[in-house]
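Residue numbers (the numbering used here), protein chains in the order written: chain A, 54 to 492; chain B, 91 to 471.
If you're looking for bench data, these hints aren't it; they were derived computationally from the structure.
Fair warning: there could be bad hints in the mix.
[Claimed, not checked] From chain A, some residues computed to sit far from chain B (all C-beta separations above 10 Å):
1) K56
2) K161
3) Q296
4) E375
5) P400
6) M402
7) V452
8) K471
9) V475
10) R489
[Said to hold, decoys possible] No more than 27 Å apart at the CA atoms, straight line, and that leaves these computed lysine-lysine pairs for DSS-like:
11) K429(A) / K344(B)
12) K294(A) / K130(B)
13) K177(B) / K89(A)
14) K423(B) / K371(A)
15) K331(A) / K371(A)
16) K340(A) / K371(A)
17) K331(A) / K348(A)
18) K340(A) / K354(A)
19) K177(B) / K86(A)
[Claimed, not checked] Taking beta-carbon pairs under 8 Å as the criterion, some of the chain A residues facing chain B (in silico):
20) F73
21) S75
22) I77
23) M233
24) D335
25) S339
26) N364
27) P453
28) V454
29) P456
Computed from a predicted model, the values in this text were never measured in an experiment.
A virtual CB, placed ideally from N, CA and C, is assigned to each residue, including glycine.
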Amino acid sequence: MAKHKTPMLDQLETGPWPSFVSDIKQEADARAKNEKGLDYQIPVDCPEDLLGVLEMSYEDGETHWKHGGIVGVFGYGGGVIGRYCDQPEKFPGVAHFHTVRVAQPNGKWYNTELLRNLIKIWELRGSGLTNMHGATGDIVFLGTTTPQLEEIFWELTHDLEIDLGGSGSNLRTPATCLGMSRCEYACYDTQELCYNLTQEYQDELHRPAFPYKFKFKFDGCPNGCVAAIARSDLSFIGTWKDQIKVDQEAVAAYVGGEIAPNAGAHAGRDWGAFDIQKEVVDLCPSKCITYADGKLTIDDKECVRCMHCINTMPRALKVGDERGCSVLCGAKAPILDGPQMGSLLVPFMEVNKEDDYQSIKDLIENIWDWWMEEGKNRERIGETMKRLGMSALIDAAGVPVDPRQVQEPRHNPYIFWKAEDVEGGWDRDINDFRKRHQR
Amino acid sequence: MAFISSGYNPAKPMEGRISDIGPRHFGEYLPPVIKENFGKWDYHEIIEPGILLHVAQSGDKTYTVRAGTARLMSVTHIGEICDIADKFSGGYVRFTTRNNLEFQVETEEAAKELKSFLNDQKFPGGAHKFPVGGTGAGVTNIVHTQGWVHCHTPATDASGTVKATMDVVFDDFQSMKLPAPVRISMACCLNMCGAVHCSDIAILGIHRKPPLLDHKYLDNLCEIPLAVAACPTGAVRPSKIEIDGETYKTVAVKQERCMFCGNCYTMCPSMPLADKDGDGIALMVGGKISNRITKPAFSKVVVPFIPNEPPRWPTMTKVIKKILDTYAADANKYERLGDWANRIGWERFFEKCELPFSEHLIDDFRDPAYYTWRQTTQFKW
Chain A
54 MAKHKTPMLD QLETGPWPSF VSDIKQEADA RAKNEKGLDY QIPVDCPEDL
104 LGVLEMSYED GETHWKHGGI VGVFGYGGGV IGRYCDQPEK FPGVAHFHTV
154 RVAQPNGKWY NTELLRNLIK IWELRGSGLT NMHGATGDIV FLGTTTPQLE
204 EIFWELTHDL EIDLGGSGSN LRTPATCLGM SRCEYACYDT QELCYNLTQE
254 YQDELHRPAF PYKFKFKFDG CPNGCVAAIA RSDLSFIGTW KDQIKVDQEA
304 VAAYVGGEIA PNAGAHAGRD WGAFDIQKEV VDLCPSKCIT YADGKLTIDD
354 KECVRCMHCI NTMPRALKVG DERGCSVLCG AKAPILDGPQ MGSLLVPFME
404 VNKEDDYQSI KDLIENIWDW WMEEGKNRER IGETMKRLGM SALIDAAGVP
454 VDPRQVQEPR HNPYIFWKAE DVEGGWDRDI NDFRKRHQR
Chain B
91 MAFISSGYNP AKPMEGRISD IGPRHFGEYL PPVIKENFGK WDYHEIIEPG
141 ILLHVAQSGD KTYTVRAGTA RLMSVTHIGE ICDIADKFSG GYVRFTTRNN
191 LEFQVETEEA AKELKSFLND QKFPGGAHKF PVGGTGAGVT NIVHTQGWVH
241 CHTPATDASG TVKATMDVVF DDFQSMKLPA PVRISMACCL NMCGAVHCSD
291 IAILGIHRKP PLLDHKYLDN LCEIPLAVAA CPTGAVRPSK IEIDGETYKT
341 VAVKQERCMF CGNCYTMCPS MPLADKDGDG IALMVGGKIS NRITKPAFSK
391 VVVPFIPNEP PRWPTMTKVI KKILDTYAAD ANKYERLGDW ANRIGWERFF
441 EKCELPFSEH LIDDFRDPAY YTWRQTTQFK W
């Protein structure tokens, strides 16, 4: 017998898509039965009270979670989000309901041993509810009480050798696509770079010292499966410098209809026979492909590496061998100054594990030093660079200026020349001027 | 309940403490075929909706079965996922960026068997537990935020709007008949923890009433200078107010300058702005992340406001379905939703999708607004 009536939420149990309501009810039942005989460390009925408070929000059209609450583990400024219900008498099971962010393995690969160990902690010490995963990429444990926080942290670090993720004005848990683990397009080892930088910057991840949040994301190629260009302050997107490798026999197989284009992604509809001219050559954004006499030719110097031809004929075309990444800076969602896409800061960077990615770390630290000096409270770096100018960022980052950093040159001639840019500097003598010009 | 200690001693918090160790190395969790062919993959194919084949340079093959989830999941549910992984995929499972599950198996037969098994798993209410799909030119899982389930600033629910939407577009999750992939994303307030601003279709919770002021408590709960500085339009200023003969330090809000971002509330809990009538949903379309053919693009607001209609948000899902179906019928192969709208022209987009155009859709927020106005006589009647 359910603790609260939830007529509105119950309607979300029907329909084909997985129902979070059914799942929460399933967890409520499991906790009520307690077949394992656990001594639950937070109220047994918290899933039911969560449904109760959510039903109340469905009736009221307003949230019932309070703002803020500073909780955390000793020595960290991030990783735990305090959360309290604003109707604690009605829903005591979720009166205190803090979130714990847990650092996920890069690429989100798991074995069941790890998953079972994680849920064992959360079954005993938390609500039994999670997000797999939060939007930034962490494993999110949803709902526990303050006395459990150090205990959870202790078990995570001692028993599972896993740390908390980031929250607050610090480096957020870096996230990556699955990269080389299962993708032929990956231009560098996104997972290893993500892991290395995550380890290198643990202090920045756990102790807020920045003006606002800072995110790294790693995409192995311009297809952008983790959306680095849209939502990370610093995006590392795989690219290459040399030629796309063409297998003419495989091209013929696509043309001949032996291999489905786009890896079969359009199989649900009859789009007609594959037309290489229409579907590849004509759609090339830089018009650098020709197909004549059964041969595909790419003028690689004019290629902008959009991936369309490669995505369309993955068995015939492969990314080049001289691989690295482009680094873009300043992406963010609208708050405060409107949405921003990452702007290209470094067109090509080697991703070199041999020197422990030193050139990438130098770049990151230059940028952080500048932002920590110049950034205002709650100002993302994208806003700082908008306020102070791309040139200021380029200068601070210590990278060369390059036409690739702009879409087109400036529209106005209001150039902030410096004295040293001008012959003779800015110091002039008015008396000398008057020798040539009467008052 | 008796308190169970993990070994942590609050009297000596630093004793035996381990910190700053980061995540476990991903290499520990790669299935053998993935580990052996790391960085040596040759090509991939989508065998059928929800089943991928990856072929390595060595000739090794691995089949991936992809299934959607609600993202919010219980430990019991994760236990079920583990049982499936133990039974079918050697004890390994992966989560995608868009909250799908992926299981690696060795043969096409095993993949089809697993697909059928996953599609058979249902909750008592009838919903799928692990519906297979989300590949190729279709709709994949919706990334979303916390909403009324757990967040203090939402203007709508996240899990509920996502469930309602995915139920309506479920056919496009399990098939691949769209012109290109369609990425739907959901964020329950403008803070956009889910960064929906570059999605083909974005569901966005918005507020429409200026903050309430809890004058008697404000100065105790908030740093007034921070609340003032937090406002991007300068609508908040320090103020004093007299209530029942007592003077309180507080803030005043120039309401006509408020654009309902909620940033003041984030800095100051005494300035809540959520409201049953004020809050609801804006729909944005035409964004993308990928560099494929066209550049990454922001989503554009095409419906400024739809009221919250829990539990199933029927007006919202009807509009989403109409946009999706119109796009599916009209766009060219490989053409993303925003590229289709750009090609036919946005005036035509509103006409074809039967959406009214209102003054709320003309940008008036700072410089970026200018770049969205039309500076040409090239337009369509």
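Hint check results:
no.	hint	in the structure
1	K56	16 Å, holds
2	K161	4 Å, violated
3	Q296	18 Å, holds
4	E375	16 Å, holds
5	P400	13 Å, holds
6	M402	17 Å, holds
7	V452	21 Å, holds
8	K471	25 Å, holds
9	V475	29 Å, holds
10	R489	42 Å, holds
11	K429(A) / K344(B)	23 Å, holds
12	K294(A) / K130(B)	19 Å, holds
13	K177(B) / K89(A)	22 Å, holds
14	K423(B) / K371(A)	22 Å, holds
15	K331(A) / K371(A)	20 Å, holds
16	K340(A) / K371(A)	18 Å, holds
17	K331(A) / K348(A)	15 Å, holds
18	K340(A) / K354(A)	11 Å, holds
19	K177(B) / K86(A)	26 Å, holds
20	F73	4 Å, holds
21	S75	4 Å, holds
22	I77	7 Å, holds
23	M233	4 Å, holds
24	D335	11 Å, violated
25	S339	10 Å, violated
26	N364	6 Å, holds
27	P453	23 Å, violated
28	V454	21 Å, violated
29	P456	17 Å, violated
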